[in-house]
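Chain residues, written in single-letter form:
There are 2 protein chains.
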Amino acid sequence: MGLEHQTKGESVDVFEAVRKRRSIRKFADRPIEGEQLTKILDAARWAPTAGNQQRWRFIVVTSPTLKEMVRKISPGIFSRPAAFVVICSLREEELSHWDESLLLADCAIAAQNMLLAAYALGLGSCIALSFSKIALKEILDIPEHAEPEFIITLGYANEQPQPPPRLPLEEIVFAERYGEGWEP
Amino acid sequence: MGLEHQTKGESVDVFEAVRKRRSIRKFADRPIEGEQLTKILDAARWAPTAGNQQRWRFIVVTSPTLKEMVRKISPGIFSRPAAFVVICSLREEELSHWDESLLLADCAIAAQNMLLAAYALGLGSCIALSFSKIALKEILDIPEHAEPEFIITLGYANEQPQPPPRLPLEEIVFAERYGEGWEP
Numbered sequence: 001m002g003l004e005h006q007t008k009g010e011s012v013d014v015f016e017a018v019r020k021r022r023s024i025r026k027f028a029d030r031p032i033e034g035e036q037l038t039k040i041l042d043a044a045r046w047a048p049t050a051g052n053q054q055r056w057r058f059i060v061v062t063s064p065t066l067k068e069m070v071r072k073i074s075p076g077i078f079s080r081p082a083a084f085v086v087i088c089s090l091r092e093e094e095l096s097h098w099d100e101s102l103l104l105a106d107c108a109i110a111a112q113n114m115l116l117a118a119y120a121l122g123l124g125s126c127i128a129l130s131f132s133k134i135a136l137k138e139i140l141d142i143p144e145h146a147e148p149e150f151i152i153t154l155g156y157a158n159e160q161p162q163p164p165p166r167l168p169l170e171e172i173v174f175a176e177r178y179g180e181g182w183e184p
Numbered sequence: 001m002g003l004e005h006q007t008k009g010e011s012v013d014v015f016e017a018v019r020k021r022r023s024i025r026k027f028a029d030r031p032i033e034g035e036q037l038t039k040i041l042d043a044a045r046w047a048p049t050a051g052n053q054q055r056w057r058f059i060v061v062t063s064p065t066l067k068e069m070v071r072k073i074s075p076g077i078f079s080r081p082a083a084f085v086v087i088c089s090l091r092e093e094e095l096s097h098w099d100e101s102l103l104l105a106d107c108a109i110a111a112q113n114m115l116l117a118a119y120a121l122g123l124g125s126c127i128a129l130s131f132s133k134i135a136l137k138e139i140l141d142i143p144e145h146a147e148p149e150f151i152i153t154l155g156y157a158n159e160q161p162q163p164p165p166r167l168p169l170e171e172i173v174f175a176e177r178y179g180e181g182w183e184p
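Residue numbers (my numbering), protein chains in the order written: chain W, 1 to 184; chain R, 1 to 184.
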């Protein structure tokens, strides 16, 4: 099983990727290539960051032993992806709540670039948010000043989930002021 | 001035959009079409959210008077975009710090979909983070239980900024454990 456009090098339209990307939670027992990882990480690198500060770091985990340890402390990860990428924010100095929010947003923006890039390469992915930060820092030697924000799972999909229903635009978009009807 | 692929309907590759999108801060005095807004908002709608909760709302501001008021309380917005989209998170009940983080991440992920969609449509955009939330809530009648997280500016670009330098992958990516060298 897999996605439709697995032929490498084929161009994938932005709107197709946005619309057809699914969160994949079951992965095939098949590795992914270094070149695919490079492209996905490069997509993260080109994400905008507040003030171009680029205060994120990415840990690629492909070692079976480490993957198993990460999986055990992440209740939301059931299957065994080919790779995890842990996105960390850098917090060298004391940060305000506002600064923490900016860093978290920057990591989330980079994560979305990664999901779209993975889709374009024929790979499945998901953002995992539920994990023990303390345990993850221990397992991956993450220093005090770095904060693991998200785990991205990556691999060949072993499922083709239906899109979860989305609210219609009329319910989530307002015109000019909050609550005022907007017509698409 | 503008972007290279302004011909509507042309397919834009995911990696091109990720790599060539720039934060645009100077806009031409030219409106954007309803259809473009619909496509950009639909891209936000298809962003993944934690537990598919879709707890974001979007306010499209195109009224000149309201735009001017929004601009005045947003120190980071110098030029006059064709539209603002304010992304709000829903906070009906008392939220933990963790829940607030999830909602913020969901809004950031939707924002990135919007920036990429705007690029694919030949439009410029930027995420504005610096604004008075209290004043914005007042101007746009945003209720107590909704929190404006980001303002997205949208319009035809009136500049072609160079890409701000990015750190090389070797500096921001680690293999298996934090700090261990990764080879692209």
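Check each hint, because a few of them may be wrong.
Note that the list lumps identical chains together, so a pair holds whenever it fits in one copy or between two copies.
[What the hints assert, rightly or not] In silico SDA-like links for lysine to any residue, alpha-carbon gap of 25 Å or less:
hint, residue 1, residue 2
1, Lys20, Gln53
2, Lys137, Glu159
3, Lys20, Trp98
4, Lys72, Ser11
5, Lys20, Ile139
6, Lys26, Pro168
7, Lys20, Glu138
8, Lys67, Gly179
9, Lys137, Asp99
10, Lys72, Pro184
11, Lys72, Arg166
12, Lys20, Lys39
13, Lys67, Pro164
14, Lys72, Leu169
15, Lys26, Glu171
16, Lys39, Glu16
17, Lys26, Glu170
18, Lys137, Asp13
19, Lys20, Gly181
20, Lys133, Ala175
21, Lys20, Gln54
22, Lys72, Gly51
These are computed hints drawn from the structure, not numbers from a lab.
| Which of the numbered hints are not met once you compare them with the structure shown? | Per hint list: 2, 3, 4, 5, 6, 7, 10, 11, 13, 14, 15, 17, 18, 19 violated.
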